[in-house]
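S.K.: Sequence:
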Amino acid sequence: MAGGSFFALLDDIVFLTKVAASKTAPVLGDDLAVNAQSLSGDIKPERELPVVWAVAKGSFLNKAIVVPIALALSFFLPFLIQPLLMLGGLFLCYEGSEKLLHLFKKSAHHEALLAAVQDENVSLLEFEKEKIKDAIKMDTVLSAEIIVIALGSIQDQTMMMQFIVLSIIAVIMTVGVYGLVGLFVKLDDIALHIIRNEIKKRATGFKYLFGKGLLSLATQLMSLLSFVGMVACLLIGGEILSHGLPFLGHYVDSLNISNNAFKTLLSLSFNAVLGFCAGLIVVSLIKVSSKLLHNKA
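Take any residue in the sequence shown, count from 1 to its spot, add 13: that is its number in this note's numbering.
Think of the hints as simulated: they come from the structure by calculation, not from any bench.
These numbers were taken from a predicted model, which means no experiment stands behind them.
Even for Gly, the Cβ is constructed at its ideal location relative to N, Cα and C.
Just so you know, not all the hints are guaranteed correct.
[Stated by the list, open to error] Listed below are the simulated BS3-like cross-link pairs for lysine-lysine, each with C-alpha atoms no more than 27 Å apart in a straight line:
hint: 1; residue 1: 220; residue 2: 199
hint: 2; residue 1: 142; residue 2: 70
hint: 3; residue 1: 36; residue 2: 70
hint: 4; residue 1: 300; residue 2: 276
hint: 5; residue 1: 36; residue 2: 220
hint: 6; residue 1: 142; residue 2: 199
hint: 7; residue 1: 214; residue 2: 199
[To be verified] Pairwise CB distance ranges (calculated):
hint: 8; residue 1: 268; residue 2: 240; range: 24 to 30 Å
hint: 9; residue 1: 278; residue 2: 237; range: 19 to 25 Å
hint: 10; residue 1: 20; residue 2: 306; range: 54 to 60 Å
hint: 11; residue 1: 229; residue 2: 88; range: 25 to 31 Å
Please construct the entire structure, taking both the sequences and the accompanying hints into account.
M.R.: Following this line, the structure appears as structure tokens:
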């Protein structure tokens, strides 16, 4: 009986973890895209993995703080979970909309970082610390969003089950994201190593062509990840808002559409448009507030 209970508990944990992971997958895509993009380039190749590891340690610490806070809120102030989800959704909408608006422009902060690394008075160590600090700040928000969304999908479970599932999600998400980030930021170095070795051998066969293809893939991958992250932000942000606002959430469901594939596509499009509109409002409010504060100063 004890063995049967253990395996039943294990099945429940696996099932609930899958449910929570499926809910957080879009945010995970954004987390991966944001980190891969922010930690690639502008750093010496030999320092890329140490920098990724430093951010990964910060991410583990973030989740170690966020998980107990989320559980405490779920137990003592459960009514705050939905408003926090809505705020997180608005943040994702803001991120996605800002990326869409500046799709072909580098942010002012990124330009400042590039200028800093080119400044002889700024050491590479200080530059790395700045990159790590900025990446951990972004991870703090995304980690909180992942944990709150995961918690929202298992809120009817016991406190112990919530703790186990959230802990598993936190570890898997962090290892998965930063493991892939580490691979992505080293792809171009791996490709260059293959190409250089083949050139030394005066060979232009399969390995040389593979190296060139890998280099091209590494170059395009960051742009693709950035685009995927942007779309994921808008979709999941819009979905959170539509679920939190019933009059919006039931709009697509109320339409008499028999084709399930078309209805799903329409729902995704609705969420993306809603996410962009909400994000655009937040972007506008931040810009207006920034101008007002600047004028007062």
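S.K.: Hint by hint, note whether the structure agrees.
M.R.: Checked hints:
1. Simply put, residue 220 and residue 199 have alpha-carbon atoms about 18 Å apart, close enough for the 27 Å limit, and the pair holds.
2. For the given pair, residue 142 sits about 14 Å from residue 70 by alpha-carbon distance, which is consistent with the 27 Å threshold.
3. Between residue 36 and residue 70, the direct Cα distance comes to roughly 24 Å. Compliance with the 27 Å bound is thereby established for this hinted pair.
4. For the given pair, residue 300 sits about 36 Å from residue 276 by alpha-carbon distance, which is inconsistent with the 27 Å threshold.
5. Taken as a hint, the residue 36 and residue 220 pair is broken in the structure, with Cα atoms around 40 Å apart against an allowance of 27 Å.
6. Taking the CA atoms of residue 142 and residue 199, the gap is about 20 Å. The hint holds against a cut of 27 Å.
7. Of the pairs offered as hints, the one joining residue 214 and residue 199 holds, with about 23 Å between alpha carbons and a cut-off of 27 Å not exceeded.
8. Hint check: residue 268 to residue 240, Cβ distance near 29 Å, so the stated range 24 to 30 Å holds.
9. A beta carbon spacing of about 21 Å between residue 278 and residue 237 agrees with the range 19 to 25 Å that was offered as a hint.
10. The hinted window of 54 to 60 Å between residue 20 and residue 306 holds, with their beta carbons roughly 59 Å apart.
11. Taking 25 to 31 Å as the suggested C-beta distance range, the pair residue 229 and residue 88 does not conform, at roughly 51 Å.
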